[in-house]
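From first to last, the protein sequence lines stand for chains S and D.
Each residue of the first sequence is one higher than the last, beginning at 1 in the numbering used here.
Each residue of the second sequence is one higher than the last, beginning at 1 in the numbering used here.
Just so you know, the hints here were simulated from the structure itself, not pulled from any lab data.
These numbers were taken from a predicted model, which means no experiment stands behind them.
Any given hint could be a false lead.
Sample of chain D residues at the chain S side, in silico, Cβ under 10 Å [stated by the list, open to error]: (1) Leu9; (2) Leu13; (3) Val33; (4) Ala37; (5) Gly38; (6) Gln52; (7) Val100; (8) Gln109; (9) Pro116; (10) Tyr124; (11) Phe125; (12) Trp126; (13) Pro134.
Here a beta-carbon is modelled for each residue, glycine too, at the ideal position from N, C-alpha and C.
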Amino acid sequence: MLSDASAGRIVYAYSNVDVSAASFAVQLLMYFIFALLLALVWSAWSGYAVARQQALESERGATGIDAAFDPERLRRLSQSLIEWQVSFVVLSIGFAIYTAIFWKQIIRVGDLRLLPEAILVHCLWWISGAIIGLPFLVAWSAWRVDRLRAVSELIHASGPQAEHLDSKLSALRELRPVGAWNAAAIVATFLSALATPLAQMTVKAFSEN
Amino acid sequence: MLSTQRSPLDVVLSLFLIAAGAIVVGCILPGVVAYRAGVFAEDTMKVLVFNQFPDAKNAMATFERKQAELRAKMSHIDQLLDSPSTGIANRRALIAERAVYDNQLQRAQPPISIQPFYQHIIMYFWPICLAALPQSRSLRYRRKEFPLHPDAHVKCWQQRSGYFC
């Protein structure tokens, strides 16, 4: 199924090795550069995530309350979220075109030979988006731990620290650097960006039939 | 402090350099190679393909001959329709016949598809893709100031290269 071409036309593309070996070599070079850049992006962002994790651990306040209400940590968390959103959008510009080319051939033209490569590229897009989101997830996770520490400290507090316990716990509960709706919107954007080329090509295929 | 802010001018310059590099590597280099190989434009590539693949040339010639025959038939029908001696019944039959030929002409696809570099989707794809991939890291951090905490022990050679960091 994956090796049979059912279309009746023969395509002579400029990068075909039988047509132009030099253009074929350049095409391979492009794929190599693409893979290299992708590896560098993965490496840089995962290194950034590790660095952020170690920085967060070393900067952790003496108490959970200090850490949970530290404005610098809260600012960094919000900043990480914006970085992820911007970087994912920029990254998706390239991947959206890349995957759309494949899905167009598969869904509209019916050429299933490209299916493995289309799935692979889509997975690369997904993994890249997740790796770019690692620094944010690290900061988010650290902040949640700090908040739990703060709650635990408040519950076990005694003396003057135990005063106004309800209002302090309420303040902690209300403290949300990233709102639930914002988080849901991010997840929805992430998933819809990945599904858009598929949905678009499917709709076009149905509308043409 | 994990990160170091860059000035807007630095960011714009960085984005410009990456975009320019992507255009050179992703568009100009393949374009020059394609031009030298004779596969840049459709006319030169058609000559190259027909020289290398006689079957393609024959298939295309057959297709074009059939197309020419259809056009000749349609032209003949047009002449008959213009003639005042053609009766109404004949006129209807000729119009129907012409519509069939016209439909065949519109729906016929050449047996081969020649796809040169110029205006090919790849011509636009690689520059965009190569520009988009490294942009994300260039947005916030100063060169050679990778946001690595002094206590961190992460091996990341990009922090020294300064390209992504």
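A quick look at each hint next to the structure:
1. Below 10 Å, beta-carbon pairs count as interface contacts, and D:Leu9 has none with chain S, the closest being about 19 Å; its hint is therefore violated.
2. For D:Leu13, the shortest C-beta to C-beta distance to chain S is roughly 17 Å, which exceeds 10 Å, and the interface hint is violated.
3. Interface hint at D:Val33: satisfied, since its Cβ lies 5 Å from the closest Cβ of chain S, which is below the 10 Å cut-off.
4. Annotation: interface hint on D:Ala37 holds; nearest CB of chain S at approximately 4 Å, less than 10 Å.
5. Of the supplied interface hints, the one on D:Gly38 holds, with its beta-carbon coming within about 8 Å of a beta-carbon of chain S, less than 10 Å.
6. Checking D:Gln52 against chain S: minimum C-beta separation of about 7 Å stays under 10 Å; hint holds.
7. With a cut of 10 Å, the hint placing D:Val100 at the interface with chain S is violated, because the nearest CB-to-CB distance is about 21 Å.
8. Interface restraint check: D:Gln109 against chain S, minimum CB-CB distance 6 Å, threshold 10 Å, status holds.
9. Checking D:Pro116 against chain S by beta carbon gives a least distance of about 5 Å; that is within 10 Å, so the hint holds.
10. Of the supplied interface hints, the one on D:Tyr124 holds, with its beta-carbon coming within about 8 Å of a beta-carbon of chain S, less than 10 Å.
11. At about 5 Å, the closest approach between the beta carbon of D:Phe125 and any beta carbon in chain S falls short of 10 Å, and the interface hint on this residue holds.
12. Because the smallest distance between the Cβ of D:Trp126 and any Cβ of chain S comes to about 5 Å, under 10 Å, the interface hint for this residue holds.
13. Residue-level restraint check for D:Pro134 holds (minimum Cβ-Cβ distance to chain S is 6 Å; threshold 10 Å).
This entry does not satisfy hints 1, 2 and 7, going by the numbered hints stated previously.
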